[in-house]
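Undergrad: Please work from the sequences and hints to get the whole structure.
2 protein chains.
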Amino acid sequence: MSLATDAADKPTLYKRIRADIEKRILTGEWPPGHRIPFEHELVARYGCSRMTVNKALSELAQADLIERRRRAGSFVRRPQHMSAVLKIADIRAEITALGRAYGYELIHRKLRTATTADRDRLGVKKAGKVVAITCRHSADNVPFAVEDRLIDLSSVPDAATADFSREPPGSWLLHHVPWTEAEHTISAIVADDRTADALGIAVGAPCLVIDRFTWRSARTITTVRLLYPGDSHRLVARFKGG
Amino acid sequence: MSLATDAADKPTLYKRIRADIEKRILTGEWPPGHRIPFEHELVARYGCSRMTVNKALSELAQADLIERRRRAGSFVRRPQHMSAVLKIADIRAEITALGRAYGYELIHRKLRTATTADRDRLGVKKAGKVVAITCRHSADNVPFAVEDRLIDLSSVPDAATADFSREPPGSWLLHHVPWTEAEHTISAIVADDRTADALGIAVGAPCLVIDRFTWRSARTITTVRLLYPGDSHRLVARFKGG
DNA sequence: TACGATTATATGTCTAGACATATAAGTCAA
DNA sequence: TTGACTTATATGTCTAGACATATAATCGTA
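Keeping their order, the protein sequence lines are chains A and B.
Residue 238 in the numbering used here sits at position 231 of the first sequence, and the numbers go up by one each step.
Residue 47 in the numbering used here sits at position 40 of the second sequence, and the numbers go up by one each step.
It is worth saying that the hints were derived from the structure and are not from the lab.
Keep in mind it's a predicted model, so treat the numbers as computed, not measured.
Fair warning: there could be bad hints in the mix.
A pair holds if it fits inside one copy or across any two, identical chains being indistinguishable in the list.
As the list claims (entries may be wrong) - Result set (DSSO-like, lysine-lysine): computed pairs, CA atoms no more than 30 Å apart in a straight line: (1) K117 x K133; (2) K133 x K30; (3) K132 x K117; (4) K136 x K117; (5) K30 x K94; (6) K30 x K132; (7) K30 x K17; (8) K30 x K136.
TA: Now the structure itself:
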């Protein structure tokens with residue numbers, strides 16, 4: 008036998024405590040409502056100081072796995088809803104991660120003073136300059152998604168001169184406008200003429216729609232609508248929950 | 008003036024430190040790559056012990072807002088992808104939260120030995136007993152979603168005798184099978200005859216589909232397909248990211 | 001100049017205490 | 001039985017240290 012190639016790697020004590028408890032919860036050994044041992048009991052069991060078990064329990068509480076109540080103790084939580092982390096990768100990264108050839112094509116780009124419709128989409132009152140972009144992403148030369156985007160130049164002035172004929176606006180923004188907040192809305196539509204044409208699918212075929220609105224500290228950055236062929240594309244999210 | 012009804016509420020020191028730093032990152036004052044002050048500098052600034060600033064920084068690192076490197080310091084992270092937390096509530100809770108009347112109707116329920124198709128859907132090898140359920144959720148008497156579910160009775164034996172004519176299987180499972188893991192797949196289809204009929208929409212209308220596969224420590228629990236009218240229903244996810 | 005060894009330092013983990021605070025549980029009176 | 005008061009206790013936060021460890025920076029050598 009190869010001796011101890013993966014043995015070593017001793018986790019720190021507080022991580023071991025956290026993992027021990029997490030395992031009992033996830034296997035169902037400690038069901039929701041079960042009171043887990045008091046801190047002083049865990050201190051005795053593991054022979055460490057209270058700060059160490061406190062760190063383990065605090066992290067479990069932060070992850071919503073347990074609930075801590077003063078004077079009462081710590082209890083396994085009953086999950087309230089299915090929760091999923093949806094990782095919406097940069098489309099280029101998403102496609103190359105699948106081992107397919109990424110293609111990008113700028114269909115339309117226009118710099119203009121915001122129209123009423125633009126201001127509505129961006130949720131702004133004043134009429135500043137915006138860039139409107141329509142582009143297409145493809146995988147192995149098959150249309151993967153069409154993107155319809157509006158960027159608020161008063162928040163991202165550099166976007167006026169960026170070269171979106173080579174770099175997709177999503178990637179550009181990801182690297183130039185850090186740490187934003189976003190709201191996503193996912194819905195389904197059937198392809199109209201224009202969409203069917205852009206995606207190379209039949210009129211009336213289902214499409215998955217992601218509308219994303221992005222801002223940073225109350226300033227609108229961009230809004231985008233992504234259209235995917237609905238029967239071929241899938242958003243996958245995995246998480247633990249109830 | 009009412010004096011100090013909402014004033015007080017002084018947050019603890021480590022929370023204040025964490026909030027201070029988070030604010031600077033989120034406003035862009037400290038952009039990605041920026042080195043935030045060393046622990047000993049924060050100790051001096053806030054006049055507290057290192058454990059206190061360490062707790063604040065550890066939580067920021069856990070939230071992926073900063074990256075900590077030994078000997079080098081702590082740095083504002085550059086987010087790699089848009090990430091969203093998708094809260095998929097229990098449908099009853101979701102509808103009542105919207106202030107609408109929830110309606111539930113069991114369309115079909117069958118207890119049977121798993122067919123080949125069933126085993127395929129559940130991802131199990133052996134042919135045990137399963138419950139197949141089809142039901143409909145409505146809001147203000149308008150169809151909201153149809154649900155097609157399969158429950159593995161070898162994992163959830165109690166489901167054989169549960170009364171799904173009154174309680175939706177999703178709610179029942181949420182309260183009887185705690186802390187599971189799940190994988191979600193979101194896609195779009197157009198309504199076929201049966202779906203159009205069940206949802207009260209036109210054949211060919213878009214539908215949003217959520218397929219969910221649920222298990223606990225390697226044991227299959229249930230698999231479900233939820234169909235929503237795609238042009239009216241929206242999944243909303245909000246999060247901060249890049 | 002390039003590479004290898006040494007050193008300095010910021011973070012990672014941990015301790016043995018401390019006081020604060022919310023609250024479950026017990027006590028007592030109306 | 002109910003309500004108000006008291007008490008005990010588990011968690012929440014914090015301190016002033018400690019040693020471990022990874023690694024950036026420096027220094028010395030080939």
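Undergrad: Hint by hint, note whether the structure agrees.
TA: Tested hints:
1. Proximity of K117 and K133 under a CA criterion of 30 Å is satisfied intra-copy only: 19 Å inside one chain copy versus 59 Å between copies.
2. For the identical chains of this complex, K133 and K30 are inter-copy neighbours only, at 26 Å across copies versus 54 Å inside a copy, given an alpha-carbon limit of 30 Å.
3. In this assembly of identical chains, K132 and K117 lie within 30 Å of each other by CA distance solely inside one copy; the values are 20 Å within and 56 Å between copies.
4. Taking the shortest Cα distances, K136 and K117 sit within 30 Å of each other inside one copy (10 Å), while across copies they are farther apart (60 Å).
5. For a Cα distance limit of 30 Å, the shortest separation of K30 from K94 qualifies both inside one copy, at 25 Å, and across copies, at 24 Å.
6. Taking CA atoms no more than 30 Å apart as the test, K30 paired with K132 passes between copies only; the shortest distance there is 25 Å, against 52 Å inside one copy.
7. Taking the closest pair of Cα atoms, K30 and K17 come within 30 Å of each other only inside a single copy of the chain (17 Å); across copies the shortest separation is 36 Å, beyond that limit.
8. Only between protomers do K30 and K136 lie at most 30 Å apart by alpha-carbon distance; the minimum there is 28 Å, versus 54 Å within a single protomer.
Checked against the numbered hints listed earlier, the structure breaks none of them; every hint is satisfied.
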